[in-house]
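Trainee: Everything in the sequence shown is counted per my numbering, starting at 118 for the first residue and increasing by one.
Some clues are possibly wrong.
[Claimed, not checked] FRET-style restraints, in silico, Cβ to Cβ: (1) Y226 with N120: 26 to 34 Å; (2) K179 with R121: 15 to 23 Å; (3) E213 with N171: 32 to 40 Å; (4) E192 with V170: 16 to 24 Å; (5) R245 with K134: 21 to 29 Å; (6) H158 with E213: 29 to 37 Å; (7) V219 with E266: 22 to 30 Å; (8) E178 with G234: 24 to 32 Å; (9) E192 with F260: 16 to 24 Å; (10) Y226 with R269: 17 to 25 Å; (11) R121 with E238: 31 to 39 Å; (12) A130 with K179: 25 to 33 Å; (13) N172 with A126: 32 to 40 Å.
Honestly, the hints are just simulated from the structure, not real lab data. No residue lacks a Cβ here, since even glycine has one placed at the ideal position from N, Cα and C.
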Amino acid sequence: MGNRKEITATLSAVLEKKINPYNDPRIYWAKEVTFDYSTNHAVRVDYMKFVPVNNSVSGIEKGDFYCYEVKSSVEDFHSGHGLNFLGDYNYIVMPEDVYQEVSKEIPYYVGVYTSSGGELECTKKAKRHDRTRPVSEMLLMMFRSAARERMRR
């Protein structure tokens with residue numbers, strides 16, 4: 118498929134298309150979302166999406182966070198970077214051959230998307246996982262990351 122950087126770029130592009138296929142401003146998502154910034158234990162989630170129940174206060178509070186980690190190779194999977202499962206639903210996005218090698222190491226509640234011909238296929242559906250961070254923190258970190266991304270353009 119190519120080198121690690123190319124594979125990561127390809128997986129990221131198809132994931133962004135999957136997260137928001139029609140470039141809809143009502144889809145709330147951000148990439149490279151950092152938590153515990155400026156601490157010794159900062160963690161970064163590659164992609165995060167928020168799906169509120171509705172736009173009321175309680176609908177937002179009851180919304181779900183989907184976190185996605187992109188892994189381009191077995192070495193990347195084992196690197197110790199990423200695999201930060203902070204959402205209600207957590208996924209790893211990887212090539213099919215990588216999934217075949219690491220499938221038994223993936224926690225039971227983590228879902229998997231694999232790439233195939235420029236599309237992502239849900240190979241394993243994520244199970245709900247109790248998140249440990251409040252909605253307000255999750256949304257603030259997403260907002261900060263999205264604002265940073267806008268400034269880069």
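Trainee: Now look at each hint and say whether the structure bears it out.
Mentor: For each hint, the structure was consulted:
1. Y226 with N120: 26 to 34 Å: Holds - the Cβ-Cβ distance for Y226 and N120, about 31 Å, lies within 26 to 34 Å.
2. K179 with R121: 15 to 23 Å: With Cβ atoms ~38 Å apart, the hint is violated.
3. E213 with N171: 32 to 40 Å: holds (37 Å)
4. E192 with V170: 16 to 24 Å: Violated: the Cβ-Cβ distance is about 39 Å, outside 16 to 24 Å.
5. R245 with K134: 21 to 29 Å: holds (25 Å)
6. H158 with E213: 29 to 37 Å: Holds, since H158 and E213 (Cβ atoms, about 33 Å apart) stay within the stated range.
7. V219 with E266: 22 to 30 Å: Given a distance of about 29 Å, which is inside 22 to 30 Å, the answer is holds.
8. E178 with G234: 24 to 32 Å: For E178 and G234 the Cβ distance comes to about 39 Å; the hint is violated.
9. E192 with F260: 16 to 24 Å: Since E192 and F260 have Cβ atoms about 33 Å apart, the given range 16 to 24 Å is violated.
10. Y226 with R269: 17 to 25 Å: Given a distance of about 33 Å, which is not inside 17 to 25 Å, the answer is violated.
11. R121 with E238: 31 to 39 Å: Between R121 and E238, where Cβ atoms are some 21 Å apart, the hint is violated.
12. A130 with K179: 25 to 33 Å: Because 31 Å falls inside the window, the suggested range holds.
13. N172 with A126: 32 to 40 Å: holds (34 Å)
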